[in-house]
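Novice: Chains as they are written, first to last, in my numbering: chain A, 1 to 265; chain B, 1001 to 1280.
Keep in mind that the hints are not guaranteed to be accurate.
What the hints assert, rightly or not - Under 8 Å between C-beta atoms, here's a sample of chain B residues computed to sit facing chain A: (1) G1052; (2) A1058; (3) A1081; (4) R1085; (5) L1116; (6) L1118; (7) L1177.
Hints were generated in silico from the structure; no laboratory data involved. The C-beta atom is built at its ideal place from N, Cα and C for all residues, glycine as well.
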Amino acid sequence: MLVLTAAFVGLYWLGANQAFDTVDEAQPPREAILAGIDTRTLTGATLFGLSMFGTLFLGAVLAAFLTLGVVRGDAERGLLQPLVVRPVGRGVLLLGRFAAAAAVCAVYVLAVFGANLWITWSAGGWRPDRIAEPALQLAGAVCVIAALSLLGSVFLSSTANGIAVFMVFGAGLVAGLLGQIGEVLDSDTLTRVAEISSWVLPFEALYQDGLVAITADTTGFTEFALQLGPFGGAQAAGPFLWPWTLAYLALVGGGAYAAFARKDL
Amino acid sequence: MSAAFTARGLVKRYGAVTALDGVDLDVEEGELVGLLGPNGAGKSTLVKIGCGLVRATAGEAAVCGSRAGSAQARAAMGYLAELFRFPGWSSADEVLLLHQRLARSSGGPGERGELLELVGLADAHARRVEDMSKGMQQRLGIAQALVGSPRFLFLDEPTSALDPGGRRTVRRLLEELRSRGIAVLLNSHLLSEIELVCDRVAILSRGRIVAEGRPSELARPRGVEVDVDGGTRVFTGAGRADAPRLVADLVAAGEHVYGVRVLESTLEEIYLEAVGEDAG
Ligand SMILES: Nc1ncnc2c1ncn2[C@@H]1O[C@H](COP(=O)(O)OP(=O)(O)OP(=O)(O)O)[C@@H](O)[C@H]1O
Ligand SMILES: [Mg+2]
């Protein structure tokens, strides 16, 4: 995980420096000039949007890694039984594991976000319009993934759960992408599908909302924002996103507890 | 005073498999009960219901007067699982420390040292679990079960990985526990071990208790052997009470008696008879 992170941040540093160097020599795209956006902003936002995707992905890997086998995986290996027969009980155990994973992942995501922020600033002198908001949204997205992985761990063995978590992660991204396509094609069905899936899988909505936040104060940016991430771009989510995320975490946690409490170990 | 463990009409079905089929069992305070039975008889299932790891399909179980699986019940007991593992990176001492916290034990380093000493791991307190042999891990498991001075212990095959010395250590430990008034339900395939230490034995077969009692009660007379001039004569069906009369009759008949032995069935024979065709 450490090696992966170092490689990612290192590559981002190289890429960011390269990108800003070439941009200085190149002619800005016509649309950008027309919209009154300078190339530095465009490059900075695009790069940083990409880095946010990388951060989300690495955070998701870490979240899954920490919670993959919390119930069934650990029970199969015999690690869980000595712990759950102690008076603390299953609920506290589950909550403890979630809190630990969420804390580690949040700190990790904030650190990588911070590193990329500094790299973008030092390489091109660009910084996002909002900093705390997208950072917290990424951290929230990764906590949602940790919760989903914990829920999966009640039913699935470690390997199966790992595959399931990444299928869900991928499904969220694809749904976001479909939403973008729907927007461009003006297709109600596609936008509707994307909207429903961003409620069902709020990590995607958090990530998209975070992308919006980095250029929140830059006028004329909306059409470019669509191209910010490799899997489609930013989509503002509205004021219910955080309350819904908390409710969602409670629902997933409650579901995981209910299933765990009845499980034969 | 409530019994250390009671089971009433316990039934457990895993899908189509009936692991327990109406089990009644009591372990009194301070009593050491051995649970015997062939592979798949349901011994571990019974113990897991007692610990709250598995939910019974029907029936009731209680530990020290509290419903099995409740927080009070779990606070009163210790458990050594049949298959278990501790995190490889933690040391013996750290494993016990974690369990002291979970069991809210105030024993501190003193308790940890005493427990490691008791299972013969005093020299290995700093060794990491992944560097321990299987038998050492099992000893650590036994020490873990004893954290927090439980009143009742479930031990599921505590000596399966132990060398003969380790088995004797565990036997001494069980005697020590008895002297402290701690009740134990012990699963084992080692009949001699059960015979040596247990107050009472229950034999489980296909999810039912098929024999139960003190080892001496279960043992049935198999006859009396008498050495006389012409060799050894066997009086099948006779018991200890018949021996004086048999000897008197032989002496009256002019025989010289050199030795008399009362034959009793061993636990192994009782066991094989009780589990019948299940014995394999
Ligand atoms: N989780 C489970 N799912 C399905 N069946 C199970 C499960 N656990 C146990 N069983 C079945 O229940 C029966 C009793 O198993 P149990 O582990 O209690 O036997 P045991 O007496 O402890 O055997 P052993 O001496 O091999 O340890 C077996 O037929 C087993 O296949
Ligand atoms: Mg067993």
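Novice: Each hint should be assessed against the structure and marked as holding or not.
Specialist: Here is what the structure says about each hint:
no. : hint  : result
1   : G1052 : 7 Å, holds
2   : A1058 : 15 Å, violated
3   : A1081 : 5 Å, holds
4   : R1085 : 4 Å, holds
5   : L1116 : 16 Å, violated
6   : L1118 : 18 Å, violated
7   : L1177 : 18 Å, violated
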